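K.L.:
Numbering that gives the first Met the number 0 numbers the first residue of the sequence shown as 0 and each following residue consecutively.
Please note that the accuracy of each hint is not assured.
[Claimed, not checked] Pair by pair, the computed Cβ-Cβ distance ranges are:
(1) Asp22 with Arg175: 38 to 48 Å
(2) Glu89 with Leu264: 17 to 27 Å
(3) Glu162 with Pro1: 49 to 59 Å
(4) Gly283 with Gly53: 22 to 32 Å
(5) Glu250 with Thr14: 16 to 26 Å
(6) Glu162 with Gly53: 17 to 27 Å
(7) Pro3 with Glu289: 24 to 34 Å
(8) Asp170 with Thr284: 19 to 29 Å
(9) Trp76 with Thr102: 14 to 24 Å
(10) Arg254 with Val185: 42 to 52 Å
Simulated from the structure, these hints should not be mistaken for laboratory data.
Keep in mind it's a predicted model, so treat the numbers as computed, not measured.
Quick reminder that beta carbons are idealized off the backbone N, C-alpha and C, glycines included.
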Amino acid sequence: MPDPSILFLTRGDVTAVGGAHSDLYVEALHAALVAHARGETVQPLKPYLRVGTGHIADRIIAMPAHVGDPGISGLKWVGSKHDNPASGLERASAVVVLNDPATNYPIAILEGALISAWRTAAVTCLAARHLARPGFTDVALVGCGLIGSTQIAALLQQFAHLETVHAFDLDTEAARALAERFAGQVTVRVAESAEDAVRAGDVVVPCTVTDTPYLGYSWLKPGAFVANVSIMDVHKDVFLRADKVVVDDWEQSNREKKIINQLVLEGSFSREQLHAELGEVLGGTRPGRESDDEIILLNPMGMAVEDIACAAEVYRRARDQGVGTWLSLY
Numbered sequence: 000m001p002d003p004s005i006l007f008l009t010r011g012d013v014t015a016v017g018g019a020h021s022d023l024y025v026e027a028l029h030a031a032l033v034a035h036a037r038g039e040t041v042q043p044l045k046p047y048l049r050v051g052t053g054h055i056a057d058r059i060i061a062m063p064a065h066v067g068d069p070g071i072s073g074l075k076w077v078g079s080k081h082d083n084p085a086s087g088l089e090r091a092s093a094v095v096v097l098n099d100p101a102t103n104y105p106i107a108i109l110e111g112a113l114i115s116a117w118r119t120a121a122v123t124c125l126a127a128r129h130l131a132r133p134g135f136t137d138v139a140l141v142g143c144g145l146i147g148s149t150q151i152a153a154l155l156q157q158f159a160h161l162e163t164v165h166a167f168d169l170d171t172e173a174a175r176a177l178a179e180r181f182a183g184q185v186t187v188r189v190a191e192s193a194e195d196a197v198r199a200g201d202v203v204v205p206c207t208v209t210d211t212p213y214l215g216y217s218w219l220k221p222g223a224f225v226a227n228v229s230i231m232d233v234h235k236d237v238f239l240r241a242d243k244v245v246v247d248d249w250e251q252s253n254r255e256k257k258i259i260n261q262l263v264l265e266g267s268f269s270r271e272q273l274h275a276e277l278g279e280v281l282g283g284t285r286p287g288r289e290s291d292d293e294i295i296l297l298n299p300m301g302m303a304v305e306d307i308a309c310a311a312e313v314y315r316r317a318r319d320q321g322v323g324t325w326l327s328l329y
């Protein structure tokens, strides 16, 4: 009987094949999101494992998907604890398991937190190409941790015209550290409040662990694009008053008592009021921004399709370049 092997890729291995730069993710995600909008992927609703009655960010999520034909199958198993940073750990941890659809045997295990952070940032970049005002110069960032920092790194890599980041964090030192990291690449202004930052942003990116909305429609200037990365930051009035609301996947967004789900249960929002899924915009079947003054909200829940498509590209590069450690399954 053959001895199946698994390629194990550490975070360093993922980085070595381009997994710490947005280009890999932007390319992989464009194709995956368009395919998803066309119904060419398989993605069950992701279950949330919660223990006790802790913080909204305290959970483990199983995210399975199949991408491509014959393509590849996989699962991201991602854990999060909001207070991990207090003990020196990153808030989120993850592994991605890839399976060969010809046999359904596992073929790779990858450190997934780096992939998760960069694919999240790449979704913002792809959306900004179509939903942000062309030539935008100012980004508002609320939450200056790993996810927020990766968002800025990716935006700088993809948009040379970015001039100023207006950064706010409840921990002022985190905002100052972000300013130091990007010194020489972009001007970073440490804002006095979340409102101060948001009011200045052409592109607004909340990256917090809050469970209480704070960002209202009145804070947004005409033409703003909001990439609602951390999901719970934006008040209901933004969903109801924005010119366009876009999601990555309607079914994933309308659950778990997130804001869209709350609005649907209240009867004030529906699938018919949604402008588009992002893959429809990327594929050209639905329009993106149509005027400079439109306020557009992207609500990206995060999809397994995205993680598996990106992990598959990392795996392909690692195999081609001889990176990683082979482990015998038996």
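K.L.:
With reference to the structure, classify each hint as holding or not holding.
P.N.:
Taking the hints in turn, this is what the structure says about them:
1. Asp22 with Arg175: 38 to 48 Å: violated (29 Å)
2. Glu89 with Leu264: 17 to 27 Å: Given about 33 Å between the Cβ atoms, the range is violated.
3. Glu162 with Pro1: 49 to 59 Å: Given a distance of about 56 Å, which is inside 49 to 59 Å, the answer is holds.
4. Gly283 with Gly53: 22 to 32 Å: Because 43 Å falls outside the window, the suggested range is violated.
5. Glu250 with Thr14: 16 to 26 Å: With a Cβ separation near 33 Å, Glu250 and Thr14 fall outside 16 to 26 Å, so the hint is violated.
6. Glu162 with Gly53: 17 to 27 Å: The hint (17 to 27 Å, Cβ to Cβ) is violated, given that Glu162 and Gly53 are roughly 40 Å apart.
7. Pro3 with Glu289: 24 to 34 Å: violated (51 Å)
8. Asp170 with Thr284: 19 to 29 Å: violated (42 Å)
9. Trp76 with Thr102: 14 to 24 Å: Since Trp76 and Thr102 have Cβ atoms about 21 Å apart, the given range 14 to 24 Å holds.
10. Arg254 with Val185: 42 to 52 Å: violated (36 Å)
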